[in-house]
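Student: Throw the hints in and build the complete structure from the sequences for me.
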Amino acid sequence: METAIKFENVTKTFGTIVANKDVNFDVKKGEILALLGENGSGKTTLCNMLAGIYYPDHGNILINGEIATIRSPHDAYRYHIGMVHQHFKLVDIFTAVENVVLGLDPKDYKFDIKAASKRIKEICDKYGFEVDPNKKVYNMSVSEKQTLEIVKVLYRGADILILDEPTAVLTPQESDKLFNVIRNMKADGKSIIIITHKLQEVLSVSDRVAILRKGAYIDTVETASATTQSLTDMMVGQKVDLNIERPKVEHDIPLLEIRDLSIKNDEGALAIDNVSFYIRGGEILGIAGIAGCGQKELCEAIAGLRNIESGDINHLGKSIIGMKPKEIIDEGIAMSFIPEDRLGMGLAPSLSITDNMMLKTYKDNAWYNPFVDRKRARNKANRLIKELEIATPSSETPVRRLSGGNVQKVLVGREISAGPNVIVTAYPVRGLDINSSYLIYNILNEQKKKGVGVLFVGEDLDVLLGLCDKIMVLCHGKVMGVVHADKTTKEEIGLMMTGSLDLTEVKKDKDFGIAKDSFIEDKPVDFNSEEIIDKFKEEGVKEDE
Amino acid sequence: MTSFISWWTSAVVFGTVIMYGALGEILTEKSGHLNLGVPGMVFLGAFAGFASAFLLEQKTTNPVVLLLIPLICAFAAGALGGLIYNFFTVTLKANQNVTGLALTYLGVGIGSFGGQYVVKAAGYETFARASATSSIYCKSIAKLGGLTDPFSKMFLSYGFLIYLAIIVAVIMFIILKKTRVGLNLRSIGESPATADAAGINVTKYKYLATIIGGGISGLGGLTYVLIYCQGGWMTANSIEALGWLAVALVIFSTWKPLNAIWGSYLFALLYWFYTNANVFHMEFNVVQADLVQMLPYLVTILVLIFISLRKKKENQPPASLGLNYFREDR
Amino acid sequence: MNNQAIVKEPFVRIKRRGTTSFLYRSFVRIVAIFFAMLFATAFLEGVADMSFSEIWKYLIDGATVNSTTRQEYWKEVMLLLLISLALTPAFKMKFWNIGGQGQVLIGALATSIVMFYGKGMSNSGMIITSFIFSIVAGGIWAAIPAIFKVKLNANETLFTLMMNYIAIQLVAASIDAWKGKASALPQFNTDTRLGYLPSIGDNTYGIIMICVLVITVILYLYMKHTKHGYEVSVVGESLKTAKYAGMNTTWIIVRTVFLSGALCGLCGFFYVAGSDYLISTSTSGSYGFTAIIVSWAASFNPFGMLILSIIMTFMSKGTLNVVNYASNTLNQYTAYITVGILLFFLIGCEFFIQYRMVFNSKLQAKFDSNSEKIHKAIPWWFSFWKKVADGIDACIAAVQKWISVNLAKLKTALIKLFKKNAPEQPKEEEVEAVVKDEKEVGIHD
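Chains as they are written, first to last, in the working numbering: chain C, 1 to 545; chain V, 1001 to 1330; chain E, 2001 to 2445.
In case anyone wonders, no lab produced these hints; they're calculated from the structure.
No false leads were slipped in.
Listed below are the simulated EDC-like cross-link pairs for lysine to aspartate or glutamate, each with C-alpha atoms no more than 20 Å apart in a straight line:
(1) E:Lys-2151 <-> C:Asp-266
(2) C:Lys-135 <-> V:Glu-1314
(3) E:Lys-2240 <-> C:Asp-266
(4) V:Lys-1177 <-> C:Asp-112
(5) V:Lys-1120 <-> E:Asp-2049
(6) V:Lys-1312 <-> C:Asp-266
(7) E:Lys-2240 <-> C:Asp-330
(8) E:Lys-2151 <-> C:Glu-267
(9) V:Lys-1178 <-> C:Asp-112
(10) E:Lys-2227 <-> C:Glu-327
(11) V:Lys-1313 <-> C:Asp-266
(12) E:Lys-2224 <-> C:Asp-364
(13) C:Lys-326 <-> C:Asp-312
(14) V:Lys-1313 <-> C:Glu-267
(15) C:Lys-363 <-> C:Glu-331
(16) V:Lys-1313 <-> C:Asp-92
(17) E:Lys-2227 <-> C:Asp-330
(18) E:Lys-2227 <-> C:Asp-364
(19) E:Lys-2227 <-> C:Asp-373
(20) V:Lys-1204 <-> C:Asp-75
(21) C:Lys-136 <-> V:Glu-1314
(22) C:Lys-198 <-> C:Glu-491
(23) V:Lys-1178 <-> C:Asp-92
(24) V:Lys-1120 <-> E:Glu-2045
(25) E:Lys-2224 <-> C:Glu-396
(26) V:Lys-1177 <-> C:Asp-92
(27) E:Lys-2240 <-> C:Glu-327
(28) V:Lys-1256 <-> C:Asp-92
(29) E:Lys-2240 <-> C:Glu-267
(30) E:Lys-2181 <-> V:Glu-1283
(31) E:Lys-2227 <-> C:Glu-396
(32) C:Lys-136 <-> C:Asp-92
(33) V:Lys-1312 <-> C:Asp-92
(34) V:Lys-1312 <-> C:Glu-267
(35) E:Lys-2015 <-> C:Asp-57
Across the chosen pairs, the derived CB separations fall in these ranges:
(36) C:Glu-130 <-> E:Ile-2147: 44 to 52 Å
(37) C:Thr-227 <-> E:Trp-2251: 52 to 60 Å
(38) E:Ile-2147 <-> C:Gln-173: 44 to 52 Å
(39) V:Val-1279 <-> E:His-2225: 53 to 61 Å
(40) E:Ile-2200 <-> C:Asp-364: 38 to 46 Å
Here the structure is a predicted model, which is why all the values come from computation and not from measurement.
We put the CB at the ideal spot given by N, CA and C, even for glycine.
Tutor: This is the structure:
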């Protein structure tokens, strides 16, 4: 096979951080190459150089055997390179077709929308997409947006396609559909680079795997001869135990009980629709669901940041509806939400670690004392830096200057140091490398052993299955069922995420999500929901079989 | 009726000044840049237009020269203001609000200083008039044809700059809405990273939009000096106030050039209400007149509140307005 | 092959700098001010028909020639500084209050009302009343846009701007009402001097100076070390984070903007009761805008604002003095231009603080390998300049060393001093705090 792209000693640095160092490998025509590496290993940076977002400090990129100079995305487009970025590059208020034709050579001043729509239809038919050319992007779902991104790249006649973490926001079923499309494109002679850190995907879709570790190129291997373990070892650089620990802990009383809760999102639509569940001390309850199906609204409502429509949130028998966020914090409920940009909620990026430590406690000294107690916060910061091995020059470094993993350690560490009895944590390992992720899992397990109830909103189903005791699946704000993590499969959760399987429908007569020893008195007390879930589970599996 | 006509005609001229300022600013803001230097650019345009007309009149009486050169000078002066703003905000990535305010400060300074400098250098004490040029700019169909009916008075009695403003607005509407260039420009204001990834030269577009926008704002100053003041130079605070009203009008028109047309006339009608209250059989004393002059600003505030109540996506400001773009920022 | 790629490489690229040292930042700003001064002098030389030395003589005279000028100069410095300080807390919260002028005017109007109508009051009573009135009026004037910002997310930039013009019209109406048939409003209470701030010694503006300097220090502490200041910086960083931490963001924003307006109102009080004894629509001039740039260019540091105010006012006062002595073609707007030049240099130099330029590898390689040749090829002034730069580098290094050595000495001296006075107490407290913290953190319990 001919070589499409060749990297020769490509190096890129940001300030003192080396993102890529002497990367050497090639991509052949008509092959799917997986670019594997942990978060922060420089995969995206490398591909951004191919797409003209960054310019390499040293080294060459060869396209079809010739040295290419890609100074801007426009140059990349001339070399027929197209990239689908992880954060979609789409204009919200434009229609699909407007987004597709954006930036093409303006030879025809009055651009022909109809012809463009027709060509989009053709591309869709060829590879099996569905895109409505006249739909505005702000009305699209995540998977629709991604499809549009791929169509946009194909419309420009890209021969080399780069997909950055394409499945991060998709359900397993949607991912499979995407992989079929990718295989179609490969059959069409296109070269495809998939950036990912999910090993199963690598094994199922790619021809070869190139591995990066901390910016350095490690090796390229044939997928056929690779295994999950061998890839991980290369990716991490040491033997890694991939099993997430799930310590057995005696379940305690229900700490947080949620009944018939409905919440509206910013647009005024129901984000959480009549949801009931509870968390016991000493258990981790996972929440699975595709992006934007109400997880954020649920977390915000529990933390008192969002008004609810109806229903009740009970903490140890006391309703926390209408409480101020500060009062809820004082109740012992800690919430940490890692948004996509990782810095939006929970941390003040330009402030130092010390200042971020006292975010929730700065008012704790005497009310008449106008000054903040920085010394105490500094001690706390230094302690966390030591215990969680946060890599930072000092406790006075602005959080913004830390790498992603360290930022999250600061956030999660602070939340846990407040000694809560309920921890609500959303995407705590978003963007972390494997070792840091396991550190976070360990922290959560420690808390679980201490009898804390943990609500864990996650995006990686493998992690949810490994870490959580029970998993609640949401689809468009509705509960599709609560399953025991050790008795379910990824496929089943996937079906529930898309709404194809509804366990609450299977057994309509039973009340879901109500604890037998509930603190809410007017509900039937003799109800043993633990058992019922088990029963449903068994029946559900039978039906599947 | 006659009193309404005089109110209307003064408002149309005044409104055109605001309209030019607002149109220039709409173009600038569509590229994602909030330029608070509009008053400065209007002032620069006024100064350049006046100075070139005044100096040319001493040398020539050729109407074509007197018509074209001040027009070009005013546009170029405004565009220069836009260029300065852009060099600082795009190339040097300085804060947009701060740079805009500094431009207003410098523009007002250069305009006022230069205007008086020219007047004094020509041997006048404090006031001079570029009357020949002004009369060319004030030539109207109504005057040439001797029409005196109310319709002609209301709609045909203005110099060409007044009509040019409307034409500019319509052309801007067509470019922004119907052409690829407009699509590209709008995408930059919404999300420069997207536009960049799509292969659009973001820097080039930003420069062009801001420079042309500045030039259009400069024409507002030209209108003010040569038509409204009939060629007379005054260091009027009202230019600055008009510049700010232009910024407000951009919001009032929800970034749509066609809305700016009627919006500007409405603003001007409100501005001159205090001298034309007799249309409604009202009479104001000095103190009341002072208070009535608040009207355009009060209305702007009301509109501001009203617009923030509406949440329609298409009426929101460009999403990246006020944020500088640096490709390598993550 | 290699060369081909390098030829096409972009000539110059920019990269973000990491953290920069205080010395580097100061150095860049000083260089910028130096060049701005050169530029402004060149402009003045051109229009005023004077020599370089004459211009600098008049510039310096403008601030220092006699005691009246000096007093006037320092008063202007203090008032500009006060407005800059006033706007700072709001800016730090990313609330663009460009209505400083209006808030000053309203404060001035409140003072004027007291001075005009309160003829029966005692002197101190009138001063205190007008002081309170002006602060409250300025605060409320600023709080109105803040409330709309918080409740409806109305654009505060334009709202505060429009409030300027409403304030101007209110002042104009009051003046027209008070002056009656006279052609202009006379100074208030010229016969009784009722409500006038007393002078300290022979310094008419002594009180203003002391007050503003005290406010500078207080504001520094307020922003840096108090709970309020902490809240302000968190809200400015991220509204979401502030809410998440349980802060009452509505109250914090309104309170902070009120403070901002109140200090502007205080400035209006100083104008009327301490300096002009009169109100006009142009009482604060364009300080509302200049102050924004002063506050921003000083990176919100009150002491930086003090230095910048001194330089700005020097430039404007000096230029006006040059205008007075120049041939008759100049006017007072000349000062707008020289100060404007200064403003743009200050804005532009931030680029060199935040970014660094990277020249393409060809150029860089030439520099690296043929530095000898280049050294000979480049004109003499370049090498001269390089020597100057090296000299400055050496100076900075020496100063740095001196400071660090002496700081260490000072520290040990202070520690010794405190140990003598209170031998063991502070230590015990420290130990306690640490123990408490350990209990609180308790991750590995």
